Amino acid sequence: MTREQVLDLYFLDARHKLVEVAAFLDRAQRARGRDDFRLQAFHAALAELAGGRQQKAKRVLLAFSDLTTQPVARAETKGACGAARTRPAQPQRRRATPPVSP
Amino acid sequence: MKYIEPHAHMVSRVTDDYERMALAGCVAVCEPAFWAGFDRSSPSGFYDYFSQLTEHEPKRAAKFGLKHFCWLGLNSKEAEDVQLAEEVLALIPEFLSRPNVLGVGEIGLNKNSRNELRVFEMQVDLAARHNQLILVHTPHLEDKWKGTRLILEALQNDRRIRPERVIIDHVEEHTVELVLAAGMWAGITLYPETKCTPARGIDLLENYGQERLWLNSACDWGVSDPLAVPKTAREMQRRGHAAAMIEKVVFQNPGKFLRQSPHFKL
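In order, the protein sequence lines correspond to chains A and B. Take any residue in the first sequence, note its place counting from 1, add 177, and you have its number in my numbering. Take any residue in the second sequence, note its place counting from 1, add 156, and you have its number in my numbering.
Some hints could be false.
What the hints assert, rightly or not - According to the in silico footprint, chain B covers these stretches of chain A (three or more CB under 8 Å from chain B): (1) 198-209; (2) 229-238; (3) 243-251; (4) 254-261.
Note that these hints are calculated values from the structure, not bench results. Since the structure is predicted, the reported quantities are computational estimates derived from the model, not experimental observations. By construction, the Cβ of each residue, glycine as well, lies at the ideal position given by its N, Cα and C atoms.
Just chain A, same shape as in the assembly (with noise of 0.2 Å):
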């Protein structure tokens, strides 16, 4: 597809759902109380967003995702939350770094 078909078949879409995310994050600032993993994990998914850089969604997905490499001890819950609760506080020796193309 040319980028002219791209954005004629997915600029509408696109653009509702980005206005949604804006309208997320206004609604999230007015809330009372203070930010948890989840968003803190939101914000740097969003900074995956901005620049040229290539494979923008598999970024986003690494941005949520838990990145350490052994087996948790026990499974203490069967639903995931969408962000992973360690990684703001994950030790560097046990996070892996993904290979991930410019």
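Got chain A sorted already, so can you dock chain B onto it with the hints?
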């Protein structure tokens, strides 16, 4: 356009879905064993479920002209109890010779725990001992990248496993390369919120080629769409993909992998 739905949990769907899928061109549906939404209390619950997948569900599908196949295994959401897992796995061999059973699946990891990994390795061993195909579930959301790596490592550590006989399902942009580089098949799951949209699924096909990749809906008891595969085929048409390429992805590719089981006959 004919297509194969290689991953759908039809026991959780209403009969109308079979009719809609048949009208959309589906010729065969493959149903991996799954978590029911609650933990089964005993191995006998699994025995009944495996009987449902191998006896009752094929008849329900046949009413609409659909072939029904299944995979048997213990879902990773119930793998924390290793003793229960051992008892359930002991039930599986007697079902493997049934005519609609394709292999062991969906097995894998959910929260990437030690017990989940141990039970996964037990199920890989079961598949190897019985020369079965393997269908692997990868974890959701933040756990997917780590889980995919642990799964691939476990499979590659077992020298009996031939990578071309393994499908790693629910890949996304950050895991598809890992799977394809390991020589295994990759399943792109078209599922709201937690997996791929049709547009992203097609992006993966455009970026990584059409070899060792298939599309599936994984429709189940959650909000999901049993027509996700034909809807994605329509989206591929909108992008200008040729009919032959679309048929390769939604019909020929799953057929090529699944025919490695002697039970897969259309």
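Verification of the hints:
1. 198-209: violated (count 0)
2. 229-238: holds (count 4)
3. 243-251: This one holds; 8 residues, not fewer than the three required, reach chain B with a Cβ under 8 Å.
4. 254-261: holds (count 8)
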